[in-house]
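**Q** Please arrange chains B and C on chain A, whose structure you already have, making use of the hints.
Residue numbers (this note's numbering), protein chains in the order written: chain A, 1 to 542; chain B, 1001 to 1275; chain C, 2001 to 2356.
There could be a bad hint or two in this list.
To be verified - For the chain A half of the interface with chain C, some residues (derived, Cβ under 10 Å), not all of them:
hint, residue
1, Tyr303
2, Val328
3, Leu341
4, Val345
5, Ile369
6, Glu375
7, Thr423
8, Tyr438
9, Lys442
10, Gln479
11, Glu482
12, Tyr483
13, Pro496
14, Phe521
15, Thr530
What the hints contain is simulated information worked out from the structure, not anything from laboratory work.
The model shown is predicted, which means the values in this text are computed figures rather than measured ones.
Every residue gets a Cβ at the ideal spot worked out from N, C-alpha and C, and that includes glycine.
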Amino acid sequence: MSTSTDERPATSELEPTRGQRFTGWAANYVDERTSISGLVKELGRKIFPDHWSFMLGEVALYSFIVILLSGTFMTFFFQASMVPVLYDGSYVPLKGIEMSAAMASTLDLSFDIRGGLLMRQVHHWAALLFVASIGLHMLRIFFTGAFRKPREINWVIGFLLFILAMAEGFTGYSLPDDLLSGNGLRIIDGLVKGIPIIGTWISYLLFGGEFPGEDVVGRFYVLHILLLPAILVAALGVHMLLLVINKHTQFAVPGRTNDNVVGVPIMPVFAAKAGGFFFIIFGVIVLIASLFQINPIWTYGPYDPSPVSAGTQPDWYIGFADGALRLVPPGWELELGPFTLSLNVFIPVVVLGLFIVVVAIYPFIEAWITGDKREHHIADRPRNAPTRTAIGAAGVSFYAVMWAAASSDLIATHFKLSIENVTHVIQALLILGPIIAYIVTKRVCLALQKKDREIALHGYESGRIVRLPGGEYIEVHEQLDEYERWKLVSYEDYKPLMLRPNAKGRITAGERLRARASNWFFEDRIAPVTRTDIEKPGHGEH
Amino acid sequence: MRNGTKDSMANKPKTSARRDRGRRHPLATVALIMVGLIGTGGAYALFTTSATAETSAAADAQLDDGAKLFAANCATCHGMALQGTTQAPSLIGVGAAAVDFQVGTGRMPLAATGPQAEEKPVQFTEEQVAALAAYVASKGPGPAIPSEEYLQGDGNAAEGAELFRINCAMCHNVAGAGGALTEGKFAPPLGDVTAVHAYEAMITGPQNMPVFNDANISPEDKANIITYLKYLDETPSVGGYGLGDLGPVSEGLFIWIFGLGAIVGITIWLTAKSN
Amino acid sequence: MANDHDGTNPRAGTTVEKYGEHNQPTAGTAVVSSDSVQNPGFEPFRARVADLDPAVARAQERRVSAWFVLSIIGSVFAIVAYIIFPIDGTPGSIRNNNFFLGIGIALALLAVGFGAVHWSKSLMDGHDLVEQRHGTRGTDATREKAIEVFELGNKESGFGRRTLIRRTLIGALVVSPLPAVVLFRDLAPAENPVPLLKQTMWAKGVRLTRDPSGTPIKASDVTLGSAFHVIPDGLNESEHKLEEKAKAAVLLMRLKPQDLHVSAGREDWNYDGIIAYSKICTHVGCPVALYEQQTHHLLCPCHQSQFDITHEAQVIFGPAKRPLPQLPITVDSEGYLIARSDFTEPVGPSFWERKL
Chain A
1 MSTSTDERPA
11 TSELEPTRGQ
21 RFTGWAANYV
31 DERTSISGLV
41 KELGRKIFPD
51 HWSFMLGEVA
61 LYSFIVILLS
71 GTFMTFFFQA
81 SMVPVLYDGS
91 YVPLKGIEMS
101 AAMASTLDLS
111 FDIRGGLLMR
121 QVHHWAALLF
131 VASIGLHMLR
141 IFFTGAFRKP
151 REINWVIGFL
161 LFILAMAEGF
171 TGYSLPDDLL
181 SGNGLRIIDG
191 LVKGIPIIGT
201 WISYLLFGGE
211 FPGEDVVGRF
221 YVLHILLLPA
231 ILVAALGVHM
241 LLLVINKHTQ
251 FAVPGRTNDN
261 VVGVPIMPVF
271 AAKAGGFFFI
281 IFGVIVLIAS
291 LFQINPIWTY
301 GPYDPSPVSA
311 GTQPDWYIGF
321 ADGALRLVPP
331 GWELELGPFT
341 LSLNVFIPVV
351 VLGLFIVVVA
361 IYPFIEAWIT
371 GDKREHHIAD
381 RPRNAPTRTA
391 IGAAGVSFYA
401 VMWAAASSDL
411 IATHFKLSIE
421 NVTHVIQALL
431 ILGPIIAYIV
441 TKRVCLALQK
451 KDREIALHGY
461 ESGRIVRLPG
471 GEYIEVHEQL
481 DEYERWKLVS
491 YEDYKPLMLR
501 PNAKGRITAG
511 ERLRARASNW
521 FFEDRIAPVT
531 RTDIEKPGHG
541 EH
Chain B
1001 MRNGTKDSMA
1011 NKPKTSARRD
1021 RGRRHPLATV
1031 ALIMVGLIGT
1041 GGAYALFTTS
1051 ATAETSAAAD
1061 AQLDDGAKLF
1071 AANCATCHGM
1081 ALQGTTQAPS
1091 LIGVGAAAVD
1101 FQVGTGRMPL
1111 AATGPQAEEK
1121 PVQFTEEQVA
1131 ALAAYVASKG
1141 PGPAIPSEEY
1151 LQGDGNAAEG
1161 AELFRINCAM
1171 CHNVAGAGGA
1181 LTEGKFAPPL
1191 GDVTAVHAYE
1201 AMITGPQNMP
1211 VFNDANISPE
1221 DKANIITYLK
1231 YLDETPSVGG
1241 YGLGDLGPVS
1251 EGLFIWIFGL
1261 GAIVGITIWL
1271 TAKSN
Chain C
2001 MANDHDGTNP
2011 RAGTTVEKYG
2021 EHNQPTAGTA
2031 VVSSDSVQNP
2041 GFEPFRARVA
2051 DLDPAVARAQ
2061 ERRVSAWFVL
2071 SIIGSVFAIV
2081 AYIIFPIDGT
2091 PGSIRNNNFF
2101 LGIGIALALL
2111 AVGFGAVHWS
2121 KSLMDGHDLV
2131 EQRHGTRGTD
2141 ATREKAIEVF
2151 ELGNKESGFG
2161 RRTLIRRTLI
2171 GALVVSPLPA
2181 VVLFRDLAPA
2191 ENPVPLLKQT
2201 MWAKGVRLTR
2211 DPSGTPIKAS
2221 DVTLGSAFHV
2231 IPDGLNESEH
2241 KLEEKAKAAV
2251 LLMRLKPQDL
2261 HVSAGREDWN
2271 YDGIIAYSKI
2281 CTHVGCPVAL
2291 YEQQTHHLLC
2301 PCHQSQFDIT
2311 HEAQVIFGPA
2321 KRPLPQLPIT
2331 VDSEGYLIAR
2341 SDFTEPVGPS
2351 FWERKL
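Looking at chain A on its own, in the form it has when it is part of the complex (with noise of 0.2 Å):
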């Protein structure tokens, strides 16, 4: 590789500087020894397209490096044990009560160590904006469609990162052994017990004997700060690299199309606003962390079998799990001869196992119903894929009602109902809410396309009203320009699937699947305004 000239100043003309000089020494020195000037060379400039919407990874990554940083720091006093210790620190309310050394430390960290009690609240409110950031994100990508070929690998690796984000928040969670967390603890040992065959076993091999044991804690930090980070990380990275490998979605802005990336370069422009946006993050998050407060477990006190505290709730993003166990009718139990089948637990696991491998897979079943092999790099506005807006956002009010039914008994005492009622209605939303989300999402997604598609043909309602010569009034339609136009007219359109025989001529099973979906999916459609429409004399009137 020839990069001696790269590193010769190119202002020969003038002497350099001290400081000239000793960046060129420096940098020669790095590529002589790392040939990094190929990396800068390649990615130094590379593109990346503008919208608000395109920094929420960003979020996620940053306030991920957040809780990296402000979690190293607690590790330097939290002690993962469970041993029984009496509290002798400054929290009055608690001197002289027996609770875990996990506790008394997180304690000791929180009131007797200066910028401790920050640390732990930057820590933790970071952990809730991560977690709803990557949901954010992930909602943005689905709405979009950027999931599509050849971006299906990176939404399964994205999707793990969600999954490993809420399995860090709930380990977390459990570290400071309070009587909140230890709640959750219990909760989480009876839904384990209610796994058939095999849930007493796990629970008892995963607390180390009978709950709630003295390993748990230890177990969970190891997993905490050692197993769960490093698969994040190597995921994060891999995730990142196809993001580098098949660049930035855009949407259908003039001049952009499915083979160009058009935005600013990461030098300097977008490294700049991005090295200021993960800046503006952490400064959020530390400006947040100091004026609210997080997690008071001095409040909840240790963790006690005995006790709990009326609005006892996990992080948000366990309330889904939460809510559906909340929502299952009486009486789902089975016995079985002598077994015992726990289907008001494992009812509830199975639907949310099935729900999240439903939005793992999705990219698979859309790429399957359309058949489309080519690679799509203009993300769709919501309203151009109407079935697939309305997927989401049924499954989104699925979650959201799962995740309301955590909160019930708050709705209740907040809203003067009674509980019972709450979790009735919330019941019937569980059916209801997705089916009428999806109708109205649907349609209002067509009759979107529809004022599209009309606006695109005729132009805005300026709201001028003219007398025609002849007496008659119309309203002046001002049209668009061939940009604004471009916004509107520019989308996928696909057909139903026609049904036809194979080279053997047979029909498959699986073929007759594919065009029922396909006609699911496609049978509303209105198609995009083509030149011939436009070109079609006399449109501008009405």
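**A** The following block gives chains B and C in isolation, referenced to the frame of chain A:
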């Protein structure tokens, strides 16, 4: 009766203690403690003189007042002889504490039937409440209004907190933020409950709250619980604004609406073209 | 500004893959129209004020620097706050330390961020650049090379030919992780968990004591409407205190005897209307202790299962199926409440071998 003085005694030192924690100005603290002491002392002096001055005739007059108030405001539901009706329970043997709690927090007289009697503005003066309590207590022995020594909030907060977690937190929430019960009933938040009403609730078990008699939780332990409640009430949340002490639900809502909301706003600014 | 789209359908992925005609990927059920509207190309560039007016640019430059200076102030403020707001154990001092330290750090970080973003938005080159995409798949030539590598590897090793080696290797690789699975057996003790789950500390004659003090309870202490949180005598001295408490926690209540609907075989399980039920929910194990003394309902605060105490803790609402197990009780010669026996069924959440 003792009601009025109890309030002035319990409240004034409490106020000064709160100032002390919040502003941390030494002179202000001293001044406020002085004011508190003088006020309390004065009230106490007034009370003792008036108490000693009270004759049995005055007590009889109070019972008389109580009987009239009862007949006018309570007897429709609870019966002229306190025997109870289909609408309301008998009050024989409920004691002065129950009356002081129910009437003193405005729960009684009931405004409308609902899942449970709710706290509302008190309908009677302190003297009237005391008269009602004395009248009901005279009809059958029951828990009396607690003695001042247990209401000072000077017990062991750690022991009180432990008892609170075991006996109270499942309904009232560990931070005393309240919680849901069945069929629209709820355990109320404890933030603004006075020491005497908290104590009376424990010994009388109002509405659906179980009774915690002195054999279950001793008066000293009740004083410890009251100490902890006072600590909760007077101590600022150390990590900043507490978001209503509702735990992960309010934290989750906050991060989605305000945290992520602000950040999405920033991303829009960030990617907007500058002019 | 580069305007380099080539006029073919810009939406579909037709032009991305340029690897020979026979490899053209199928569009599936997509409608590929030759009549679609043409991409009009880039909109004309709009210059920013700072691009046109050097004075504005200088002002922007000052503004960016001001942000960075503000950040330095924030950092210094945080360090000062760390020192002048020490923690003395009082809640107020911790609150102040948290607040001022946090505000300083937040200011330092936010100001760097806003400064950098402001710089990039207002002063750095504002033109969009265009980069061409290439198909993600390798070129045909690259692929052929890759296939060649595999073929050579196969030929030189004989992996495909020497089936005995291949099969035994696969077998060895599949079996080799199994010892690791075995290693995890000792995560838990050797004994079978099932018998453990079926017994608690309660036994005939064990006194009911108050939680957490461990003092015994007389029957006369339990007045109507009372609820006692109960642990077995000796629990506080037990070696596995929390594990035992997690199974043995009990709620003691007194109802009027005529309110109780006692089933056959349980006639002597209550003592004069005093009844004891396991506090551990039969759903997933939260402590069920929200006792309503008028309705005699018990509510679980975690998932809202409700149990009717007058009907032997039958489930009347929520996801739980089984009633809470009842602890048979009586009094000893001194009048203290004691257990008649252990629970007659496993307490807590259901598990597979529960009835075994």
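**Q** Against each hint, give a clear statement of whether it holds in the structure.
**A** Going through the hints against the structure:
{"no.": "1", "hint": "Tyr303", "in the structure": "8 Å, holds"}
{"no.": "2", "hint": "Val328", "in the structure": "4 Å, holds"}
{"no.": "3", "hint": "Leu341", "in the structure": "8 Å, holds"}
{"no.": "4", "hint": "Val345", "in the structure": "6 Å, holds"}
{"no.": "5", "hint": "Ile369", "in the structure": "8 Å, holds"}
{"no.": "6", "hint": "Glu375", "in the structure": "4 Å, holds"}
{"no.": "7", "hint": "Thr423", "in the structure": "6 Å, holds"}
{"no.": "8", "hint": "Tyr438", "in the structure": "21 Å, violated"}
{"no.": "9", "hint": "Lys442", "in the structure": "18 Å, violated"}
{"no.": "10", "hint": "Gln479", "in the structure": "14 Å, violated"}
{"no.": "11", "hint": "Glu482", "in the structure": "4 Å, holds"}
{"no.": "12", "hint": "Tyr483", "in the structure": "5 Å, holds"}
{"no.": "13", "hint": "Pro496", "in the structure": "7 Å, holds"}
{"no.": "14", "hint": "Phe521", "in the structure": "9 Å, holds"}
{"no.": "15", "hint": "Thr530", "in the structure": "4 Å, holds"}
The structure shown violates the earlier hints numbered 8, 9 and 10.
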